[in-house]
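Below are the chains, spelled out letter by letter.
2 protein chains.
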Amino acid sequence: MTKIALVGCGLVGGSWGLVFARAGYEVTLYDPSPASLQAALDFVRGAAPALAAQGLLNGETPETILSRLKPASSLAEAVSGADYIQESAPERLPIKQALYKELANLVKPDAIIASSTSGFPASSFTGEIEGRERCVVAHPINPPHLIPLVEIIPAPWTAPAVVERTDALMRAVGQVPIRLNREIAGFVVNRLQSAVLAEAFRLVEDGVVSATDVDAAMSEGLGLRWFFMGPFETIDLNAQGGVADYCAKLGPMYYDLAKEQADPRPWSEALVATVEKQRRAKTPADGLDARKAWRDRCLAALVTAKRKVLKENA
Amino acid sequence: MTKIALVGCGLVGGSWGLVFARAGYEVTLYDPSPASLQAALDFVRGAAPALAAQGLLNGETPETILSRLKPASSLAEAVSGADYIQESAPERLPIKQALYKELANLVKPDAIIASSTSGFPASSFTGEIEGRERCVVAHPINPPHLIPLVEIIPAPWTAPAVVERTDALMRAVGQVPIRLNREIAGFVVNRLQSAVLAEAFRLVEDGVVSATDVDAAMSEGLGLRWFFMGPFETIDLNAQGGVADYCAKLGPMYYDLAKEQADPRPWSEALVATVEKQRRAKTPADGLDARKAWRDRCLAALVTAKRKVLKENA
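Taken in sequence, the protein lines are chains A and B. Taking our numbering, the leading residue of the first sequence gets 1, the next gets one more, and so forth. Taking our numbering, the leading residue of the second sequence gets 1, the next gets one more, and so forth.
Think of the hints as simulated: they come from the structure by calculation, not from any bench. The beta carbon of each residue, even a glycine, is placed where N, CA and C say it ideally should be. Possibly wrong hints are sitting among the right ones.
[Said to hold, decoys possible] Using C-beta positions, here's what the derived DEER-type ranges look like:
| # | chain 1 | residue 1 | chain 2 | residue 2 | range |
| --- | --- | --- | --- | --- | --- |
| 1 | B | PRO266 | A | SER73 | 53 to 63 angstroms |
| 2 | B | MET253 | A | GLN38 | 24 to 34 angstroms |
| 3 | A | ALA76 | B | SER268 | 48 to 58 angstroms |
| 4 | A | GLN240 | B | ARG265 | 54 to 64 angstroms |
| 5 | B | LEU310 | A | GLU312 | 14 to 24 angstroms |
| 6 | A | ARG265 | B | ASN313 | 32 to 42 angstroms |
| 7 | B | GLU91 | A | GLN38 | 56 to 66 angstroms |
| 8 | B | LYS308 | A | ALA273 | 54 to 64 angstroms |
| 9 | B | GLN54 | A | GLY119 | 34 to 44 angstroms |
| 10 | A | ALA53 | B | GLU164 | 17 to 27 angstroms |
| 11 | A | SER67 | B | ALA314 | 28 to 38 angstroms |
| 12 | A | ALA290 | B | GLU91 | 41 to 51 angstroms |
| 13 | A | ALA273 | B | GLU133 | 31 to 41 angstroms |
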């Protein structure tokens with residue numbers, strides 16, 4: 001039985017706890033801040049009943065889930081005997097570099113150390129340590145217990161078997177891993193998000209459309225397809241003869257747009273203030289926490305609905 | 001009572017018929033090809049029962065919907081007395097130019113002529129006609145009876161009141177209009193799609209990730225948020241202090257990515273063939289029609305589920 005250790009228990013740590021525990025794994029959790037560790041367990045305790053009711057706990061009870069999550073009082077205790085360590089430490093390079101040096105001396109020789117980092121390639125914090133070939137990035141989208149995607153990104157020295165085993169474990173716990181062949185800034189998810197945000201800010205800065213209407217273009221339009229089909233499948237089904245037919249017809253139009261869009265701009269203070277103002281008109285600053293709770297409730301319900309729809313239409 | 005005329009009855013014409021008829025409007029339909037006109041009515045007849053069962057016909061019966069759709073045997077008959085004409089003719093400029101000249105002589109003085117075009121600004125086919133100030137683009141996403149977004153784009157000479165009335169009508173029939181302040185290539189929706197496709201093809205061309213995994217990054221990741229929140233609301237809820245806080249922390253990172261992404265490329269034959277091959281491994285060419293039917297079934301069910309979830313969490 002694979003033993004899991006979660007190191008770093010912010011929001012993502014607690015969510016990872018749910019992912020592994022509902023799949024039947026024993027999980028130890030560690031955070032240098034006892035309050036953070038407690039908060040992660042409290043998060044699971046708070047979220048589990050609703051998730052169970054929605055069928056998002058894989059048939060397990062909240063009590064069983066909680067019984068599988070074991071707080072550890074030291075890093076050594078947390079990772080002792082662990083086969084897989086999911087590191088979700090703060091996104092600061094010196095912290096990760098120091099942590100990985102420590103981990104290298106504590107983990108089993110064949111243990112995998114996977115980082116939840118969204119911002120740093122594994123090569124930036126594992127280069128100096130012994131056994132660096134066991135290190136990899138396994139980047140989730142928050143919160144992973146609701147959003148299945150995990151990006152697996154090897155450092156140049158990551159052993160292929162480590163990628164394979166991480167991929168297999170992610171599938172075993174119900175996540176959907178994708179594999180990057182090499183390190184690249186932003187990985188795939190944030191590069192796609194970057195492309196959309198760059199254009200979104202540009203359209204607002206140029207006075208073409210409001211920020212509110214850009215949001216509607218996605219949530220009432222494009223996003224309805226991308227919820228269950230990626231961009232390639234979407235265009236593949238949008239031409240009689242599939243994606244090749246689509247590209248033959250529309251490739252030149254998209255190339256013209258791409259040339260127009262090759263116009264990188266920093267987001268100026270004035271531009272950000274414009275967007276901020278429009279957002280605050282929809283959700284006042286003191287309503288952000290409630291709106292985040294709304295988002296998480298909707299996300300859980302929509303993920304449940306999607307599973308049902310895809311199952312009925314399999 | 002506003003009378004609607006639909007001119008051009010491809011797939012989008014039939015879907016527009018559903019939109020207006022379920023909202024209670026009388027609709028005349030015309031297409032120079034009687035077969036296309038019949039196909040649009042057959043589409044409505046075929047689709048209506050399932051839509052009624054899913055609660056997507058606004059409580060109307062399929063019979064009532066069909067009774068409101070009146071085929072016309074000439075363009076003059078179709079638009080006679082119509083207050084709003086939704087034009088969905090083929091996407092070829094000479095066809096639209098000739099059609100608008102004809103329409104100018106047939107429609108009521110205060111009628112609005114809105115085009116479903118995704119590719120041409122209204123200025124490219126209305127400049128020469130009398131009463132060009134009544135013309136506007138109202139670009140839907142297919143199929144509009146399931147996807148609410150409509151982009152409203154005025155030509156430089158479109159009367160502001162025409163934009164207002166088109167916007168109001170779209171809201172009255174349950175669509176979600178967004179307003180562009182001026183004409184721009186690709187409008188908003190296809191510019192956002194362009195940004196994503198450009199990056200998606202680039203990542204595949206550079207060997208970073210497979211086309212299949214790009215699709216998963218969206219449909220198992222980013223798309224889960226964008227289904228019900230736009231890109232601005234997504235980042236607004238992803239930092240403690242809202243979008244301004246998010247931009248202060250991550251703006252420089254996104255600017256660096258934007259500079260890397262300012263690399264427009266045509267989609268080469270080899271690249272398209274790579275994507276085509278991966279798509280065909282998932283959906284063989286002879287399975288595309290079945291997969292499109294699957295997409296439409298899923299879309300209808302997911303739209304229904306989304307309405308329910310948003311209503312319950314209002």
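Results for each hint:
1. Restraint check, PRO266(B) to SER73(A): a C-beta distance of roughly 59 angstroms satisfies the suggested window 53 to 63 angstroms.
2. The given range of 24 to 34 angstroms is respected by MET253(B) and GLN38(A), whose C-beta atoms sit roughly 31 angstroms from each other.
3. The beta-carbon spacing between ALA76(A) and SER268(B), approximately 53 angstroms, falls within the hinted interval of 48 to 58 angstroms.
4. Separated by about 25 angstroms at the C-beta atoms, GLN240(A) and ARG265(B) break the suggested range of 54 to 64 angstroms.
5. The hint said 14 to 24 angstroms for the Cβ distance between LEU310(B) and GLU312(A), and at roughly 21 angstroms that hint holds.
6. At roughly 36 angstroms, the beta carbons of ARG265(A) and ASN313(B) sit within the given window of 32 to 42 angstroms.
7. Roughly 60 angstroms separates the CB atoms of GLU91(B) and GLN38(A), a value that falls within the hinted 56 to 66 angstroms.
8. Taken as a hint, the range 54 to 64 angstroms is violated for the pair LYS308(B) and ALA273(A), whose Cβ atoms sit roughly 36 angstroms apart.
9. A hinted range of 34 to 44 angstroms holds for the C-beta pair GLN54(B) and GLY119(A), which are about 42 angstroms apart.
10. Distance hint check for ALA53(A) and GLU164(B): the Cβ-Cβ separation is about 46 angstroms, which falls outside the suggested range of 17 to 27 angstroms.
11. For SER67(A) and ALA314(B), the Cβ-Cβ distance of about 36 angstroms falls inside the hinted range of 28 to 38 angstroms, so the restraint holds.
12. The hinted window of 41 to 51 angstroms between ALA290(A) and GLU91(B) holds, with their beta carbons roughly 45 angstroms apart.
13. A beta carbon spacing of about 35 angstroms between ALA273(A) and GLU133(B) agrees with the range 31 to 41 angstroms that was offered as a hint.
Figure legend: structure checked against the earlier numbered hints; hints not met, in rising order: 4, 8 and 10.
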